[in-house]
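Kindly produce the complete structure, drawing on both the sequences and the hints.
Residues 0 to 964 (numbering that gives the first Met the number 0) make up the sequence shown, in order.
Rather than coming from a laboratory, the hints here were simulated on the basis of the structure.
Do not rely on the hints blindly, as some may be mistaken.
Below, a list of computed lysine-lysine pairs in the DSS-like style, where the Cα atoms sit at most 25 Å apart [what the hints assert, rightly or not]:
#: 1; residue 1: 571; residue 2: 732
#: 2; residue 1: 740; residue 2: 571
#: 3; residue 1: 697; residue 2: 732
#: 4; residue 1: 850; residue 2: 959
#: 5; residue 1: 697; residue 2: 740
#: 6; residue 1: 858; residue 2: 959
#: 7; residue 1: 865; residue 2: 571
#: 8; residue 1: 959; residue 2: 775
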Amino acid sequence: MTRGIGEGSPQEHAVAGAADVPAVPATTGCGRTQTFVFTPGDLASHARFVQRLRRRYAGQLHLLPAGDPTRASMADALAAIRAEGHATNAALRILRQLVMERLARLDCDENAALSVVTRAVTELAELALDAACAEAFAELDARHGAPLCADGSRSQLWVVGMGKLGGRELNVSSDIDLVYVYDEDGETAGIAGTDARGRITNHDYFARAVKAVYGLIGDTTEHGFVFRVDLMLRPNGNSGPAAVSLSALEDYFQAQGREWERFAWLKSRVVAPRACLGPSVETLPVHGLRQVVLPFVFRRYLDYSVFDALRNLHRQIREQAARRCAGKPERANDVKLSRGGIREIEFTVQLLQVVRGGQFPELRSRATLDALQRLAQAGLMPVETADAMARAYTFLRRVEHRIQYLDDQQTHVLPTQDADLEWIARSMGYAHACPFLHDLDAHREFVAEEFDTLLGGEAGKCAKGNCSRGKAEAPPDIETLVESLPERLRERVGQWRDHPRVQALRDEDRARLVRLLQRTAQWVADGSVTEEAAVQMAGWIEPLLRRQSYLALLLERPAIHLRLLHLLGAAKWPARYLLQHPGVIDELASEALFYERFQPAEFERELAQRLASVRTTAEDDDETLLNLLRRAHHAEVFRTLARDVEGRLTVEQVADDLSALADTVLRVTARWCWERLRNRHREADDALGRFAVIGYGKLGGKELGYGSDLDIVFVFDDEDERAPEVYANFVRKLINWLTVKTGEGDLYEIDTALRPNGSSGLLVTSFSAFAKYQQKRGSNTAWTWEHQAMTRARCLRFAPVAGASGLALASDTDPPPADLQARFEEVREAVITAPRDAAALRQEIHAMRDKVRAAHPVKAGRFDVKHSAGGMVDVEFAMQYLVLAESATHPILRENRGNITLLRRAEEAGLLPHGVGERAADAYRALRRVQHQARLNEAPTQVAADELAESRDAVLQLWKAVFGA
Numbered sequence: 000m001t002r003g004i005g006e007g008s009p010q011e012h013a014v015a016g017a018a019d020v021p022a023v024p025a026t027t028g029c030g031r032t033q034t035f036v037f038t039p040g041d042l043a044s045h046a047r048f049v050q051r052l053r054r055r056y057a058g059q060l061h062l063l064p065a066g067d068p069t070r071a072s073m074a075d076a077l078a079a080i081r082a083e084g085h086a087t088n089a090a091l092r093i094l095r096q097l098v099m100e101r102l103a104r105l106d107c108d109e110n111a112a113l114s115v116v117t118r119a120v121t122e123l124a125e126l127a128l129d130a131a132c133a134e135a136f137a138e139l140d141a142r143h144g145a146p147l148c149a150d151g152s153r154s155q156l157w158v159v160g161m162g163k164l165g166g167r168e169l170n171v172s173s174d175i176d177l178v179y180v181y182d183e184d185g186e187t188a189g190i191a192g193t194d195a196r197g198r199i200t201n202h203d204y205f206a207r208a209v210k211a212v213y214g215l216i217g218d219t220t221e222h223g224f225v226f227r228v229d230l231m232l233r234p235n236g237n238s239g240p241a242a243v244s245l246s247a248l249e250d251y252f253q254a255q256g257r258e259w260e261r262f263a264w265l266k267s268r269v270v271a272p273r274a275c276l277g278p279s280v281e282t283l284p285v286h287g288l289r290q291v292v293l294p295f296v297f298r299r300y301l302d303y304s305v306f307d308a309l310r311n312l313h314r315q316i317r318e319q320a321a322r323r324c325a326g327k328p329e330r331a332n333d334v335k336l337s338r339g340g341i342r343e344i345e346f347t348v349q350l351l352q353v354v355r356g357g358q359f360p361e362l363r364s365r366a367t368l369d370a371l372q373r374l375a376q377a378g379l380m381p382v383e384t385a386d387a388m389a390r391a392y393t394f395l396r397r398v399e400h401r402i403q404y405l406d407d408q409q410t411h412v413l414p415t416q417d418a419d420l421e422w423i424a425r426s427m428g429y430a431h432a433c434p435f436l437h438d439l440d441a442h443r444e445f446v447a448e449e450f451d452t453l454l455g456g457e458a459g460k461c462a463k464g465n466c467s468r469g470k471a472e473a474p475p476d477i478e479t480l481v482e483s484l485p486e487r488l489r490e491r492v493g494q495w496r497d498h499p500r501v502q503a504l505r506d507e508d509r510a511r512l513v514r515l516l517q518r519t520a521q522w523v524a525d526g527s528v529t530e531e532a533a534v535q536m537a538g539w540i541e542p543l544l545r546r547q548s549y550l551a552l553l554l555e556r557p558a559i560h561l562r563l564l565h566l567l568g569a570a571k572w573p574a575r576y577l578l579q580h581p582g583v584i585d586e587l588a589s590e591a592l593f594y595e596r597f598q599p600a601e602f603e604r605e606l607a608q609r610l611a612s613v614r615t616t617a618e619d620d621d622e623t624l625l626n627l628l629r630r631a632h633h634a635e636v637f638r639t640l641a642r643d644v645e646g647r648l649t650v651e652q653v654a655d656d657l658s659a660l661a662d663t664v665l666r667v668t669a670r671w672c673w674e675r676l677r678n679r680h681r682e683a684d685d686a687l688g689r690f691a692v693i694g695y696g697k698l699g700g701k702e703l704g705y706g707s708d709l710d711i712v713f714v715f716d717d718e719d720e721r722a723p724e725v726y727a728n729f730v731r732k733l734i735n736w737l738t739v740k741t742g743e744g745d746l747y748e749i750d751t752a753l754r755p756n757g758s759s760g761l762l763v764t765s766f767s768a769f770a771k772y773q774q775k776r777g778s779n780t781a782w783t784w785e786h787q788a789m790t791r792a793r794c795l796r797f798a799p800v801a802g803a804s805g806l807a808l809a810s811d812t813d814p815p816p817a818d819l820q821a822r823f824e825e826v827r828e829a830v831i832t833a834p835r836d837a838a839a840l841r842q843e844i845h846a847m848r849d850k851v852r853a854a855h856p857v858k859a860g861r862f863d864v865k866h867s868a869g870g871m872v873d874v875e876f877a878m879q880y881l882v883l884a885e886s887a888t889h890p891i892l893r894e895n896r897g898n899i900t901l902l903r904r905a906e907e908a909g910l911l912p913h914g915v916g917e918r919a920a921d922a923y924r925a926l927r928r929v930q931h932q933a934r935l936n937e938a939p940t941q942v943a944a945d946e947l948a949e950s951r952d953a954v955l956q957l958w959k960a961v962f963g964a
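Given below as C-alpha cells:
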C-alpha cells in the first residue's frame, strides 16, 4: 500500500536530516534546560513534513518560481508539472507540496507576513478548484452535453467558498468548506449529432461535477491530497444534495435557515470557476446568488436575537472540546477552539457584523483583520481593543501554522514534545519557549475576556468550561409578575393581559419581555429610574412587540436599557421619535455619546463608506440609498436628542448641530442625486460647483429644531444651453429624495415659497436672475418681506474643496464660475445695505408683524413665547428692521450671526439704549429655552401671562426702542 505525503507517525521522522547540525541550548518548560538541534537559517527543516517534502520533491522544488507564491506563479508551476507528463490530479497535488515547502521556509526563516501565507493557500485553492471544474465540465460535456437554462444559455455552477476560504484566510492545513450552487434547473443538451443521446437533468450533471471535483482535489493518492473538502455547510448538511439550485437555496433560507448558518454564510464567496467571476474577482456578476444570500445573513434591522444563537453554538463547541480533552489534558492547549482562541476572535467579529451589517453595510467584510478595523472605525469597538485583537489573531494564526508545518495534520493543539514546542518558539522569534508561552497566555486571556464581555449572561461560566446542560430558571408569567410591579406600572402592564401582540409572542420572546419588566421594576425600586420612565417604556415597547429583536437588544444590553429609561423619563417627545425610529436606540450603547458633538466630515466619511459597500454588492438602487441617508440622519438626530435631554448641550448648541446636520445631508444627497441623474451634462464636481442652495429662516439662521422644515431656494450659474432643464430635473429629484417616505421615514419637509415669485416662480433659478430680483433690477423685484428673509439667509456650499478626496475638478477649458457662496454674500450685502426710507420700512415691518400676530391668536391671560407681544417674533422683526435700516452705516450688523449676537452688536453701535440689547438677548435665549423644553415635553408654548414677565418686558422695551410704540 502506498503511503501518501503527510502520513506516518511524527516519531518516524523526528530526527531526519539532523546530522551535522550544530546544537543550540534552550530552556524549556520555563525551568528545565535541554539541548535541541536546529539548523541556523533553516528552522523550517525541523518540521517533519518539510523534511519529507524536500526528500520526495527535491528535483521539482525549482518549478515554483522564486518569491512569494501567487496565483500567477503557481499557474506557471502547474503548467511546468503538467509538462513533465503528470495528469491534472497528480499535478495539483505536487503543486500543493511545492507551495507548502515554500511557505514553511518563508514563514519560519524569513518571517513572512501572515497575509503572504493565507493569500497563497487561498489562491492555491482557487486555482485548484478552477482547474478541477474545467476538467470535470469538459468530461461531462462530452458525455451529456452542456447544462442549459430555459433561454438556451449555459447553466452555471458556482463553487461557493465558506469560512476561511471565503475570507481568503486559509491556513496551511485547512480543509475547504464548499457549497455548490447552480443557477437554474433544466436538462443538458445531449451529445451533438446523436439526437440528444446522453441527456440528463442539470441537477444530475452538477452532482456528477461535484463528485469529479472531489476526486481531483480531495482524494488521497501517492502524492497526498490537494485539500480536504467539507460539504457539511450545504443546505441540510450531509443529507442534502451535493449541488443545490439557486431557487432551492432561497427556499431553504426562508423556511429552514438557522441562525448559526447566517454566520457560516457571512464569509461566503464564489471562488470558482474563474470564468463566472468576470474581469475582476471582486466584481461578481452572480447577482442572483448575492441577492439571495445577503438578506439571509444581514437583516434590515439591528438583530440582537443572534446572541442566543451564538451562545448555543459556542456552548456546543465547548462541550465537544471538553469531550475531546477528557483524559487527555494536553488537548486543552488548542489555539483555535480553547478559551481565548482563534474561534472566539472570529465569533466576536462576526457577531457584531451580523447584528449591525444590515443597517451598516460598511461592516460587511469577510476578512477578520479588515473587519476589526471597520468595527473600530464605526465606533463599535475601541481602537485599542481592535488593535489588540488583531495582534492576538495574527499571533495565534502564526502559531497554528507552525503546529501544522510539523506533520501536515489538521490540528491546532500545541505539541507535547519539548523539541517541537521549542522550535515553534524559536521560529516565532523567541529565544526559548518560556516567553513564548507567556505571550500566548496573555493573548488568549485578553481575547477570552473580550468575548465573555460581549456575550454577557452565562458566557463567562461557559467559557471557563463550566457549561451547564440544565435550563435556566424560567421567569414568571406576566400575570404573576404584574402583582409585584409598582402601582402605575402595574396598571399599564395589566392592560397587556389580553393584548393580541402579547398573546402572539413566542415563548422565548415572552420570557425576554418578562425579564425586561423584572429588571425595570428592580431599577424603579432602588431609585435608579422613575416610575414615570418605566410607564413610558411600557407604552413605547408595546407597538414594537412583534419586532423581537428590540426585546433581545434591551435584554442583552442593560446599559442601553437603563439609558433608554432615563431618556424616556426626561421628556415625552423622545418616546415619539423612538417609536418612529426604534433602531436608533443602539446609539445608546456608548457612554461617549454624551461627550461628543456632530462632526460633518465624519458623517460624510461614514456615508461614503456605506455607499462604496453597497456598490460592491450591486445593492446601490435608489431605495437602498434613500434608506442609508435616512438611517444616518435619524441616528444623528437621536444622538443630539440624547445629549440635549441629558443636559449636555445648550439650546444654541442643539440648533448648531441640527443645522450642521441639515447642511451635510443636503450636500451628500445632492451629490448622490446628481450621480444618478439621467441626461446630466456635467460630472458631479463640476455641476455642483455651479449649483447652490440658499437657506432661509431657521436653516439660514442656524436655529433649526427637531422636525423643522427647510426653507430653501435653488440657484445655478451654468451657461450650457441644457442647464435650465437639467437643473430643474435635478432639483425635482433632490426634493423627492429629501421628502419621500420610505420604510425608514423621510429626511425633511421642504418649503420653496421664498424663491423669486413664490409658488408661481421657477423651481430653480439662474443666479443672475436671482440677483436681479433681489436687487430690484428690472420690473420683477422682491418685496420687503423677502428682504427681511435675506437678513437670515446663507448659501450652502456643495462643490468639493479642490483636490479633496481625490475628486476630479472641472476642466480648465470650461472652468466653473466664481464661488457662488462668495457671490451670494455680495448680493446679500447689497440687498441689506441698499438705501431705504426708514419710516416706510418701519411701517411695512410693523404691518407684517401685525399680520403674523393676527394669524396666531393667543388665549386671554396667556402668553405665547413665540407670537405674543414681547415674544420671540418681536425680537426677530426688530432685528430685521435694524439690519435693513442700519447695516449700510454699521457694518457689524451685516454678518448673519444670529439674533443674540446682533442684538449685542446693535447696542454696542449705539442703535439701542444701554442695556436694552443685552436684556433682549438674554430674554430671547430664555424664551427659546422655554419653547424648546415645551416641544420636548409635547406641551403648549403658551404659559400664564405673568410667568415670563421679565423676559417679555425686556422684549417690549426692545420693540419700543426700535419702533417707538
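Right, here's what the structure says about each hint:
1. Between residue 571 and residue 732 the alpha-carbon distance is near 35 Å, which puts this suggested pair outside the 25 Å criterion.
2. As the CA atoms of residue 740 and residue 571 are separated by approximately 24 Å, the hinted pair is consistent with the 25 Å bound.
3. Between residue 697 and residue 732, the direct Cα distance comes to roughly 23 Å. Compliance with the 25 Å bound is thereby established for this hinted pair.
4. Restraint check: the Cα-Cα separation between residue 850 and residue 959 comes to about 18 Å, which is no more than 25 Å; the hinted pair holds.
5. A C-alpha spacing of about 23 Å is found between residue 697 and residue 740, which places the hinted pair at or below 25 Å, so the restraint holds.
6. Distance restraint check for residue 858 and residue 959: the Cα-Cα separation of roughly 24 Å lies within the 25 Å cut-off, and the hinted pair is therefore satisfied.
7. Restraint check: the Cα-Cα separation between residue 865 and residue 571 comes to about 21 Å, which is no more than 25 Å; the hinted pair holds.
8. Between residue 959 and residue 775 the alpha-carbon distance is near 30 Å, which puts this suggested pair outside the 25 Å criterion.
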